Amino acid sequence: MVQTTETVLQATAVVAGSFLSGAMMSLSLVAVPVFLDTDTQPSHLLAHFVRLYHYGHRLMPSLAVGTFTLYATSSYKAHAVDEIWLKPLLAGVITLSLVPFTWVTMTPTNYALFDLYDQGKAEKKVDFGQVRRLVVKWNWLHIVRSLFPLLGAVLGANDFRSTPNAGSAMLHPEQPHPDASLRALPTATSDMRRQTRDVRYTTSDPVTL
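Quick note on my numbering: the sequence shown kicks off at 24 and runs consecutively.
To be clear, the hints were calculated from the coordinates, so they are not data collected in a lab. It should be emphasised that the depicted structure is a prediction, and the values quoted were computed from it without experimental measurement. Note that CB positions come from ideal geometry on N, CA and C, so glycine has one too.
Pairwise CB distance ranges, derived in the manner of DEER restraints:
1. Thr61 / Tyr99: 43 to 51 Å
2. Gly152 / His77: 18 to 26 Å
3. Ala145 / Ala46: 30 to 38 Å
4. Lys148 / Thr28: 54 to 62 Å
Listed next, the in silico BS3-like pairs over lysine-lysine satisfying Cα-Cα at most 27 Å (straight line):
5. Lys160 / Lys147
6. Lys110 / Lys100
7. Lys160 / Lys148
8. Lys144 / Lys160
Between the sequences and the hints, there should be enough to build the whole structure, so can you do that?
The following block contains the structure:
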């Protein structure tokens, strides 16, 4: 039962990490290019970026923490039964690494864009070329950030596939070993031989009336 719970947790973590990576990547591959192609004013581009950041900031970190929790719980349960526990924990750490990556590499760009947004609201002149360069830079950094949960999902899926009887334990937790019937075959054959020998001896005795 422990192995089944561990398998379900890790499979859920892999799906959650894959979903998180896909959702994050869609911003860089779809949303931001649309902004860059259609916005002709710096105020419009900055407003779109600020709203995109607002919704992404509310959703993405929570999904990353939730995915890490699933990996960590799976690792703890695996460690409790002396199974491989380091890989799921490492997958969770890699997934959660997008948070410090954001703090270290993306915060300066975020603040620069927020500052330009505030200047635009204050009716100060903002250079459109500078805004575009910062948004493009943010977009590339976000692509790199989106790879962290994907790498975690790949590592988690690889560990899930390498776990002995992981799939069979989840689908058929109490199914007997397939060799059990083969081990019982010699015993059944010997019993049949003894019964045949007993019948032969019985029929060879003279009939007493």
